[in-house]
Amino acid sequence: MGAHVSVPMYRRTLAARVGLEGRRCDRCSAVSFPPRGACGQCRGRSLTPVRLSGVGTLQAWTYITAAGAPPEFAAQVRRDGGYHVGLVALQEGPRVAGQLVDVSDPEIGQPVRAVVRRLYEEEGVVRYGFKFAPHMGEQLPAEGV
Amino acid sequence: MVGLAAYGCYFPAARLTAAETERVWGSPIADLDSKPVAAADEDALTLAAAAAATIDGDAALGSMSLASTTLPYRRRVQIGVLARALRSGGDSLFTTEHTTSARAGTEALAVQLLAVRASGRSGMVVAADVASPTGDAHRAAVLGAGAVALLVAEDGAVATFEASAHHVAEDPGLDFVPAGESALQDVQVSGYTQEALGAAVRGAVEPLLHRLGRTPSDYRFLVLGTMPGRLLDAAARGCGFTREQSRPVWAFPSTGDLGAAGALTNLALALDTAEPGDRILLVGYGAGSGADALSFTAGESAGRGAVARALAGGRPVDALTYLRMTGRI
Numbered sequence: 000m001g002a003h004v005s006v007p008m009y010r011r012t013l014a015a016r017v018g019l020e021g022r023r024c025d026r027c028s029a030v031s032f033p034p035r036g037a038c039g040q041c042r043g044r045s046l047t048p049v050r051l052s053g054v055g056t057l058q059a060w061t062y063i064t065a066a067g068a069p070p071e072f073a074a075q076v077r078r079d080g081g082y083h084v085g086l087v088a089l090q091e092g093p094r095v096a097g098q099l100v101d102v103s104d105p106e107i108g109q110p111v112r113a114v115v116r117r118l119y120e121e122e123g124v125v126r127y128g129f130k131f132a133p134h135m136g137e138q139l140p141a142e143g144v
Numbered sequence: 000m001v002g003l004a005a006y007g008c009y010f011p012a013a014r015l016t017a018a019e020t021e022r023v024w025g026s027p028i029a030d031l032d033s034k035p036v037a038a039a040d041e042d043a044l045t046l047a048a049a050a051a052a053t054i055d056g057d058a059a060l061g062s063m064s065l066a067s068t069t070l071p072y073r074r075r076v077q078i079g080v081l082a083r084a085l086r087s088g089g090d091s092l093f094t095t096e097h098t099t100s101a102r103a104g105t106e107a108l109a110v111q112l113l114a115v116r117a118s119g120r121s122g123m124v125v126a127a128d129v130a131s132p133t134g135d136a137h138r139a140a141v142l143g144a145g146a147v148a149l150l151v152a153e154d155g156a157v158a159t160f161e162a163s164a165h166h167v168a169e170d171p172g173l174d175f176v177p178a179g180e181s182a183l184q185d186v187q188v189s190g191y192t193q194e195a196l197g198a199a200v201r202g203a204v205e206p207l208l209h210r211l212g213r214t215p216s217d218y219r220f221l222v223l224g225t226m227p228g229r230l231l232d233a234a235a236r237g238c239g240f241t242r243e244q245s246r247p248v249w250a251f252p253s254t255g256d257l258g259a260a261g262a263l264t265n266l267a268l269a270l271d272t273a274e275p276g277d278r279i280l281l282v283g284y285g286a287g288s289g290a291d292a293l294s295f296t297a298g299e300s301a302g303r304g305a306v307a308r309a310l311a312g313g314r315p316v317d318a319l320t321y322l323r324m325t326g327r328i
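Heads up: the protein sequence lines correspond to chains A and B, in order.
Note that numbering that gives the first Met the number 0 numbers the first sequence so that position 30 is 29, with each residue one more than the last.
Note that numbering that gives the first Met the number 0 numbers the second sequence so that position 228 is 227, with each residue one more than the last.
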């Protein structure tokens, strides 16, 4: 299965992919990420953009070998080999999947933080997005609208 | 007074050490203990975003300048990714991109100092470079990867800006990339390279000292780029400074040549070391040639250890991994 993101889709989702912009429900305060049109908890349709901290804990991970990587990541695995993918519980609530970087032996429960990396280049357009790196307690931007 | 309010650095985790270089290629690179190597999913923009993220969030940026000689595209506005990562941007953000030489870092800083002074709003300078995957192998051997971010504000708690002077001349030297090519080429005439560098540095430093009524001994640090040591010493000596003023604020042994990010990374090292009241003379040089000289006085908030923190915890890689990561094989 591929991981293709079309240029129009990339453009539409850039605020979430690079700026970690989610949505907070005005009715029940639940945070959705990636942003949705309606609240996943109460189905409320009044949502306010919210910037997520990108900090979370690793809940599960797997390792994708070079041979098993989607074709979009061929250039990455040619240079860096296989890579880890993790499921991360963000401190604002949502759970998201993303590649893990700068980690050779991931541990469940490990604190991680989102970093901007290249996802891949296709049709001459580089797609950027978040991946997760170990969180060493560095100061992070405050959550805010 | 306008100056620097915060700063931070980022270096990729992978490191090629002098021991590994010597093991595989037979001899170490002069002065180079270790250098950061960018991963396949890192480029100058992601490095820039990582350095900018080390600075406390400031949604009220009025301007931003990006400096790099290795941006992913040759023609395109590229600072938007950085603005987006910083949760800034839109109609009210004035941006510039500086891309043609190692002088780009100080060009960007000079622009931001002007912009902040004019607008009264904070500005950010981010400089980043990664090693070029092609070109002369000897030159490539010293190229590192890293980024530095400086927050410029009306209240320069880290360092206040005093004055600047600039020099430009037609004087080919050191390195260049011809139009339509990507490989960094070296003129490989070391005596001439040294002469061109010295002339440009003197051309910026001497008028600045004259205007401020100072001599080199009034400065604790002379901050130059991440150039090899013999060039650094010659450039410092050529304008009346000593090794004791330039070597302690020279990140090259731990970073390699950081190109457009070199002088500003060395500035961060000076700010890490400086005591309040210390004077710092920053000089950015670009082959071709031009130089910017900017004078600062360290403030109460200097001395944060940003460079050492960013360099801590690197992961050594072997030579084969290094060649694969840099795209040379």
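Hints listed in this document are in silico derivations from the structure and should not be mistaken for laboratory results.
Any given hint might turn out to be false.
To be verified - Per label pair, the in silico range of CB-to-CB distance: (1) A:R77 / B:G179: 24 to 34 Å; (2) B:G312 / A:R77: 56 to 66 Å; (3) B:P315 / A:R94: 32 to 42 Å.
Computed from a predicted structure; not experimentally measured.
Glycine is no exception: its CB is placed at the ideal position from the N, C-alpha and C atoms.
#### Entry: List of violated hint numbers, smallest to largest
2
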